[in-house]
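Student: So you can see what is in the structure, the chains are spelled out below.
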Amino acid sequence: MAIKFTTEPQNARILSVGAYRPARSVPNSELVERIESSDEWIQQRTGIESRRFAAADESLIDMATHSSLQAISRAGLTPEDIDAVIFATISYPYQAPSAATELLTRLNNSTAAAFDISAACAGFCYAVALANDIVRSRNAKNVLVVGAEKLSDFTDPDDRATAFIFADGAGSVVIGPSQDVGIGPTVWGANSETRDAILLEPSYLEYKNNPDRTELPWPNIAQQGQTVFRWAVYEIAPIALRALEGAGLTPETLDVFIPHQANDRIIDSLVKSMKLPDSVVVARDIRTSGNTSSASIPLAMDALLAERPDLHGKSALLVGFGAGLVYAGQVVELPPVPKST
Amino acid sequence: MALTQDAVLAGIKEIVVEVAGIDAGIIAMDKKFTDDLDVDSLSMVEVVVAAEEKFGVKIPDEEVTKMATIGDAVNFIVNNS
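Residue numbers (our numbering), protein chains in the order written: chain A, 236 to 576; chain B, 667 to 747.
One thing to keep in mind: the hints can contain errors.
List of simulated lysine-lysine pairs, PhoX-like, C-alpha gap at most 25 Å [to be verified]: (1) B/Lys697 <-> A/Lys510; (2) A/Lys507 <-> A/Lys574; (3) B/Lys679 <-> A/Lys510; (4) A/Lys507 <-> B/Lys679; (5) B/Lys698 <-> A/Lys510; (6) B/Lys697 <-> B/Lys724; (7) A/Lys549 <-> B/Lys720.
In short, the hints are calculated from the structure, not lab data.
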């Protein structure tokens, strides 16, 4: 028998973006004592001046609900219009059911397809790639993509390598049908031989099988900063350029560059290696948001569009990279002026 | 073909000037990356990545931590090219 499948592709684009930043802004001065560091050292190494930490009783899903309702409203849609939810995160504290289904309950939409993905700081770009393919193949009309993290729950405030880097926040986009191609081909992959450069450990089982907990801490992020920095500055620029080329653009014809906000020095290095001209607007949300992993790109996109409304509808190169080590990049058309605030 | 010390030093100078934004005149074999040239650990990574590309050598992380001076880097590259 022949299985039938609708073959005519449906073009897709980002219809809207929404963001949620927790209220509490935490300056470097609040963290430095426990890690024997200084505001100057942190700013020089990372560009981070402050970051947002969620309140103790504010959950990952609380944050994701805010950013998602904003994105859905800005697209001129209601939660019932969402056919699928892809939730990129590494900090949802349940193995099952998924963060995506908990979000559905908050949106009062009980029926959309919903699942989580684990691709760390590349999670948002992985999810955009999937959402684009889902819309193109007509398996869903409107896909809600969420990148959200509450990394303060999984960061050791005494770890000199990570305490000042990671932060909390949520970003959402709605990806839906469009007249023209609004999302270019994705360049993605992994360098899994450096898998141990960023880890969340111990595992659930190690924790369970060690009842007295004496030697075994709660799972926190551990990062080999220089290994990750080296990988990022060496490997990511060529990947981003391939994504640009795949979309038929060049550094000269690109409008905006929104890399994962890992470290301002990595962003500097990427801009230099890719030879991006001054005409390209570069997102630098890291300075006041820290590294929010899967949330960093939509948060940076939202901040940029709030500051520069003229950038709505312009071309933007997104590239995410992180624990795995995994990466993904694609060119998108930034969402149009919102249908509601 | 092995690279000469002079050729590698000239190449390293170019890289350090580009990465650290300092004057080429003060770069010499005995200068320390951190103390004399203000090249911090992350800039050092950028220098190493650029040097690997320029000279076609592999510089492992454990070697990078041993490179205190310009001369240490130049000699490693000359001996491993």
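Student: Provide an ascending list of the numbers of those earlier hints which the structure does not satisfy.
Tutor: Failing hints, ascending: 1, 2, 5 and 7.
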